[in-house]
Amino acid sequence: MLLLFLILGITWGGIYALVGLGFNTTFWTLRILNFAQGEYLMAAVLLSIGFNRWVNLPWPIAIVLALAVTAALGLVLERVAIRPVLQHDPRSHSWVVTTLGAGIVLQNLAVLLFGTSEYPFPKLMEGVVQLLDARVEKQLLAVFAITVVLVVLFDIFVNRTLMGKAIKAVAFDRMAAEAQGINSRGIVMLSMILMALLAGIAGLLIAPMVSAHPYMGTLMTVKGFSAAVLGGLGSPVGAIVGGLVVGIAEQLVGGYINPGLKDAIGLIFLFVILIARPQGLFGKKVAERV
Amino acid sequence: MAPLLQLENVSVKYGAIEALREVSFSVEEGSITCLIGANGAGKSTTVNAIAGLVPTASGRILFQGEDITKLPASRRIAMGISIALEGRKIFGDQTVIDNLMLGAYTRSKNLSKLRREAEEMLARFPLIADRGQQLAGTLSGGQQQALAIARALMSRPKLLLLDEPSLGLAPILIQEIYQIIQDLADQGTTILLVEQFAAYAFMVSQNACVLEHGQLTLAGPVAEVRDDPRLARAYLGK
Chain A
109 MLLLFLILGI TWGGIYALVG LGFNTTFWTL RILNFAQGEY LMAAVLLSIG FNRWVNLPWP
169 IAIVLALAVT AALGLVLERV AIRPVLQHDP RSHSWVVTTL GAGIVLQNLA VLLFGTSEYP
229 FPKLMEGVVQ LLDARVEKQL LAVFAITVVL VVLFDIFVNR TLMGKAIKAV AFDRMAAEAQ
289 GINSRGIVML SMILMALLAG IAGLLIAPMV SAHPYMGTLM TVKGFSAAVL GGLGSPVGAI
349 VGGLVVGIAE QLVGGYINPG LKDAIGLIFL FVILIARPQG LFGKKVAERV
Chain B
124 MAPLLQLENV SVKYGAIEAL REVSFSVEEG SITCLIGANG AGKSTTVNAI AGLVPTASGR
184 ILFQGEDITK LPASRRIAMG ISIALEGRKI FGDQTVIDNL MLGAYTRSKN LSKLRREAEE
244 MLARFPLIAD RGQQLAGTLS GGQQQALAIA RALMSRPKLL LLDEPSLGLA PILIQEIYQI
304 IQDLADQGTT ILLVEQFAAY AFMVSQNACV LEHGQLTLAG PVAEVRDDPR LARAYLGK
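Protein sequence lines, in the order shown, are assigned to chains A and B. Counting the first sequence from 1 gives a position; this note's numbering is that position plus 108. Counting the second sequence from 1 gives a position; this note's numbering is that position plus 123.
Don't read these hints as lab results, they were simulated from the structure. A portion of the hints provided could be inaccurate.
Stated by the list, open to error - Here are the simulated DSS-like pairs of lysine-lysine, each with C-alpha atoms no more than 25 Å apart in a straight line:
(1) K393(A) x K281(B)
(2) K193(B) x K136(B)
(3) K136(B) x K212(B)
(4) K193(B) x K281(B)
(5) K236(B) x K276(A)
(6) K232(B) x K212(B)
(7) K281(B) x K232(B)
(8) K392(A) x K246(A)
(9) K236(B) x K281(B)
(10) K392(A) x K212(B)
(11) K393(A) x K276(A)
(12) K212(B) x K276(A)
(13) K212(B) x K281(B)
(14) K231(A) x K246(A)
(15) K136(B) x K276(A)
If you're wondering where the values come from, they're calculated on a predicted model, not measured in any experiment.
I would like the entire structure built from these sequences, with the hints used as guidance.
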């Protein structure tokens, strides 16, 4: 059983890491946390279902189109819920309310369009494989493999491309980045697209394992946020480690202690890390001039 | 010959505060012009406005005769204006080479070409020549200043804006930085040098402009400005 719990934990942890990386990208470039992020996960899933059911598009096209719309929704969020409050007062924390509000709007739009029913989502792969003493669904392994590829691609993009270095430059010092000719507004747009895509892909990966419904994003927001804070906001490595720790811990606790405690683990980690080490496992202490 | 850079009645406001009031001066091609004045006189605001990092409230900025007042910073860099900001402002969490490559962001997106050019640039700066793979935030103050200047040169500027290159540096390092500035001028780079310590600036400059409370109070060849009693007033408030 332990092996199965570990595989489940790593797979779900990878999903939390993707959502956590999304939190990081907007935190990097805007110094804000986007609490609507889980709703982008939900939007990509339900839009795919909508395009497939209502427009009769084949799944691959429906999914690509849904991701494109989700990315566009990321840009809309920046324009209506983030930019106005930061323009009014860059030091304001009103974005907590506006991003949460935007999430509620997205969720209720989804309820209007899709109702509160649960929808099935097709698996990437059917069947199971035997790994030592554990029978593991192929879908789970596919999700794990895709997550690993995405994390590696994200790392290559951020650390090995000029655009990634430009994102880091904007995150480090926006004015200095602009002095190099880097379009910081364009970089912010890019970070919103990345956030929406990471959340959307995470949603598409978990959709076959859970039922798709308008409220599926809320819990993922909490878990992705826990992963990002546990690892240290601003640290991609931290988001990945944080996601894996939360994912494995909740499977072990759910499996060996009490399944009812599973969803609380992320919050417990969040609570403990904020008291013991607020900068997270891989984050750096930052002094801010006031 | 028309000046390389010309400011015509440029004003800059931060909210209700007028940081720069109808400032006019010009910078001749191939020269070093220093912009001096006490703390808060508006020196950094002036170069930031020229670089396109702060908007002007009124007036015109002409570069090579072309009005650039409304152009974004990226366009100005592409035209040949580059700035090494006050306080160095290097990207401390990236390597020295990465910092240099970002300096050429508007010119090329070819990573291997930029890396090669960054290594060539490093070789011109003995202070950081062997520090390419080091995180920029771990460099000493003088090395960071050398990196800031080298990064500004990566865009191949016709006009280099240097904002307080001596700030926070030990005298021995200031001499090294000023040697770099002199070498750049000898190679033909036009420089607008912001400096709080007039003595350092006068060592390398041909022309000087004095700012006082956001207004230009004195401008001309260094030999004349140095002996003008209004210079002391600008610093001492007499």
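Hint-by-hint comparison with the structure:
no.	hint	in the structure
1	K393(A) x K281(B)	violated, 40 Å
2	K193(B) x K136(B)	holds, 15 Å
3	K136(B) x K212(B)	holds, 23 Å
4	K193(B) x K281(B)	holds, 19 Å
5	K236(B) x K276(A)	holds, 20 Å
6	K232(B) x K212(B)	holds, 22 Å
7	K281(B) x K232(B)	holds, 21 Å
8	K392(A) x K246(A)	violated, 39 Å
9	K236(B) x K281(B)	holds, 21 Å
10	K392(A) x K212(B)	holds, 19 Å
11	K393(A) x K276(A)	holds, 17 Å
12	K212(B) x K276(A)	holds, 14 Å
13	K212(B) x K281(B)	holds, 21 Å
14	K231(A) x K246(A)	holds, 9 Å
15	K136(B) x K276(A)	violated, 30 Å
Checked against the numbered hints above, the structure violates hints 1, 8 and 15; every other hint is satisfied.
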